[in-house]
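**Q** Okay, here's what each chain looks like letter by letter:
There are 2 protein chains.
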Amino acid sequence: MNLHIAQRMHNIKPFIVMELLQRAQQLQAQGRDVIHMEIGEPDFATPPLVQAAAAKFLQQGDAKYTAAAGLPELRAAIAAYYRQNYGVAVDAGRIFITPGASGAFLLAFGSSLNPGQAVMMADPCYPCNANFVQLFNAETQLVAVDPATNYQLDAGLIAQNWRANTSGVLIASPANPTGSLLSNTALAAAIDQVQALGGCFYADEIYHGLDYAEPPATALASHDQVFVINSFSKFFGMTGWRIGWLIVPDSHVAVVERLAQNIFISTSSQAQYAALASFSAENMTELRRRRDEFKIRRDYLYENLLRLGFKITAKPEGAFYIYADCSTFSQNSYQFAKDLLEAEGVAVTPGTDFGYNGADKHIRFAYTASIPRMAEALTRLERFICR
Amino acid sequence: MNLHIAQRMHNIKPFIVMELLQRAQQLQAQGRDVIHMEIGEPDFATPPLVQAAAAKFLQQGDAKYTAAAGLPELRAAIAAYYRQNYGVAVDAGRIFITPGASGAFLLAFGSSLNPGQAVMMADPCYPCNANFVQLFNAETQLVAVDPATNYQLDAGLIAQNWRANTSGVLIASPANPTGSLLSNTALAAAIDQVQALGGCFYADEIYHGLDYAEPPATALASHDQVFVINSFSKFFGMTGWRIGWLIVPDSHVAVVERLAQNIFISTSSQAQYAALASFSAENMTELRRRRDEFKIRRDYLYENLLRLGFKITAKPEGAFYIYADCSTFSQNSYQFAKDLLEAEGVAVTPGTDFGYNGADKHIRFAYTASIPRMAEALTRLERFICR
Ligand SMILES: Cc1ncc(COP(=O)(O)O)c(C=O)c1O
Ligand SMILES: Cc1ncc(COP(=O)(O)O)c(C=O)c1O
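Chains as they are written, first to last, in full-length UniProt numbering: chain G, 1 to 387; chain U, 1 to 387.
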């Protein structure tokens with residue numbers, strides 16, 4: 001058999017964190033206590049009201065294909081959420097329900113990118129977003145970012161790095177792995193710049209809701225015709241359900257519908273009916289309570305990492321990550337993470353999973369563990385760096 | 001904004017049936033009784049044991065991301081199913097759990113196809129399978145099939161139509177829309193031919209289990225190193241849950257794992273725990289009972305369509321479709337389907353959704369409706385063609 005590997009796969013790197021996770025599980029199987037600060041998902045369970053809605057739907061037993069774009073009532077509920085939460089009017093017909101933000105990226109890039117075109121994004125960034133671009137034989141144009149722009153692309157960097165084959169720009173704010181935000185005015189300026197250059201703007205807003213300072217505006221507030229990617233995974237606490245959404249420019253409604261029909265048929269009907277319960281006042285109160293808990297954890301971890309001698313130059317104002325410079329202790333973040341796991345049973349993610357820019361000198365800590373667990377992790381970490 | 005549409009999207013046609021479905025729903029909203037014979041999903045509910053497993057999992061409330069390849073216990077259960085059902089040994093490490101067969105196709109083609117390569121498939125065929133190929137900027141090489149090969153590709157057609165850029169062949173047996181099967185010996189010969197030509201073989205086995213004559217062998221029985229695509233949607237009755245699987249050649253295990261991590265993160269954890277209940281003896285008994293019911297419907301619909309003057313040249317031995325030649329009544333299957341819906345409230349799918357070969361002269365009837373409902377549909381159909 002001619003079992004060749006597609007060329008695009010050579011550009012798609014494995015995640016180091018998966019190797020560490022496997023090793024962590026091995027250690028646990030051997031009876032070791034491992035503290036997980038490597039995983040990018042909330043430790044909270046699915047919210048009770050969402051659970052209840054899923055249980056109710058389950059009793060009816062009608063888990064059939066839905067419309068490819070999603071349940072009309074869920075699309076309408078999301079449109080209402082944009083009105084209430086952001087003061088932005090968006091037609092429900094532009095909202096597509098997808099299997100996570102992951103599915104949203106498949107539709108956004110699949111419907112808008114040609115081979116050879118390039119999408120600009122920050123380095124460091126969430127590596128899958130870069131890999132979605134490669135999937136369609138387009139190129140990722142990574143631009144190194146630093147504290148000067150709060151580890152985000154801005155209008156200046158965009159103008160400076162624009163190339164002949166650049167077709168668009170992706171900004172994730174709050175960002176993974178840095179937790180950093182672009183201010184609302186800087187976001188608007190960045191979108192204006194992309195528009196002036198004739199590009200297409202993609203906003204990954206998956207960490208909206210998990211923000212601890214000025215609430216971020218949606219990209220749609222400054223420009224109506226952009227792609228917005230979001231998800232029920234993080235703020236809404238539904239990772240394993242695999243449900244998110246995509247808002248597309250008017251020009252792309254018909255093609256994205258066709259693409260969704262072909263590659264997904266539809267998103268889990270269970271997950272859609274469950275997600276419908278997300279927007280009730282009672283559930284939003286619960287989600288904001290969880291957000292406040294994340295904020296307390298953020299403050300706690302931030303203080304303590306600084307105390308131990310980590311440098312944190314990206315001010316973490318959102319998501320549930322701190323991207324810490326570990327160069328005082330090691331110039332090799334991968335080795336650092338491996339040794340920390342073996343010696344102390346604390347799992348973290350090396351910067352190398354997120355790009356090239358200073359990657360060897362950074363560690364991503366996820367505060368998806370309780371304060372008592374993080375306290376224990378910090379004790380172990382302190383012992384490790386003083387060994 | 002530079003809101004261009006990706007070129008690949010121009011090759012991806014909309015489904016006519018979606019337009020008809022929308023119109024059908026409009027008519028229903030107006031109080032008309034519509035009989036649905038256009039929809040490609042079982043009318044049976046999720047099997048009770050699968051429902052119960054989902055409910056149990058829901059109570060534990062732990063719907064988190066799983067391993068990208070899927071739950072180890074589900075992969076092992078599928079491996080055991082291949083041993084018991086087909087007498088074939090397949091390593092669980094080669095089995096990936098995916099969001100439906102749709103997700104399986106994304107991984108199979110994404111990991112093995114380069115732009116410009118072509119995958120050969122039968123015309124007529126399930127249109128999404130062709131569109132997955134386009135998604136990766138590869139080409140679909142449609143080969144017209146007819147009763148001579150029971151509407152399937154075989155070794156002869158493969159050899160005859162092989163081109164310089166052909167990199168692989170996809171066979172779906174039982175097929176959508178024809179319900180036709182390739183015999184086990186013809187399947188083995190086809191795979192041998194593809195191997196002799198240095199190509200890659202993709203087997204879409206989603207309608208396995210829904211077969212009414214000689215039980216089809218899996219492609220893995222004749223050659224170990226092929227891609228096999230399957231799903232919990234059809235025989236297992238779980239369409240809306242969005243769960244399926246992909247078996248990959250050893251050469252592709254590592255890259256497919258990487259691709260799955262990037263584009264899905266994981267498949268719905270709920271759906272995976274629910275699907276685990278599929279393989280119990282009690283559930284298999286229920287599924288076989290449903291299969292027997294489909295067989296009775298197949299016989300009923302087949303007899304009656306012939307009686308009304310439709311020609312059926314593809315012997316429907318599997319799935320839940322009959323692909324009927326309507327040329328006695330119309331040379332325009334799209335118009336026929338539209339008029340039938342308006343005049344009589346019977347929804348069917350025009351052949352034009354499945355390719356070019358005789359598409360204007362064929363209608364796909366899905367027997368995903370009960371016998372009494374089909375009886376009523378046939379009465380209306382008879383009135384329609386005699387009008
Ligand atoms: C920045 C960012 N975007 C998108 C995703 C995809 O998440 P999901 O597919 O669960 O919505 C993640 C997940 O970690 C992420 O961190
Ligand atoms: C031949 C064939 N393959 C694949 C699929 C995809 O189904 P799913 O993604 O629900 O498993 C279908 C659905 O109708 C089909 O008919």
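Some hints here could point you the wrong way.
[As the list claims (entries may be wrong)] Partner residues are not named here, just some residues of chain G that face chain U (Cβ under 7 Å, in silico): (1) 11; (2) 27; (3) 30; (4) 53; (5) 54; (6) 55; (7) 58; (8) 61; (9) 113; (10) 258; (11) 269; (12) 299.
[As the list claims (entries may be wrong)] In silico DSSO-like pairs for lysine-lysine, Cα to Cα no more than 27 Å straight-line: (13) U:311 to G:64; (14) U:311 to U:295; (15) G:361 to G:295; (16) U:315 to U:361; (17) U:64 to G:56; (18) G:295 to G:13; (19) U:338 to U:311; (20) G:315 to G:295; (21) G:56 to U:56; (22) G:338 to U:56; (23) G:361 to G:338; (24) G:13 to G:338; (25) U:295 to U:13; (26) G:295 to U:64; (27) G:64 to U:338; (28) G:13 to U:295; (29) U:361 to U:295; (30) G:311 to G:295; (31) U:64 to G:338; (32) U:315 to U:338; (33) G:13 to G:64; (34) U:338 to U:361; (35) U:64 to G:64; (36) U:311 to U:361; (37) G:338 to G:315; (38) U:13 to G:64; (39) U:315 to U:295.
Hints listed in this document are in silico derivations from the structure and should not be mistaken for laboratory results. Glycine included, every Cβ here is placed at the ideal spot set by N, Cα and C.
**Q** Any hints this thing doesn't respect? Which numbers, in order?
**A** Violated: hints 1, 2, 3, 4, 12, 13, 18, 22, 25, 28, 33.
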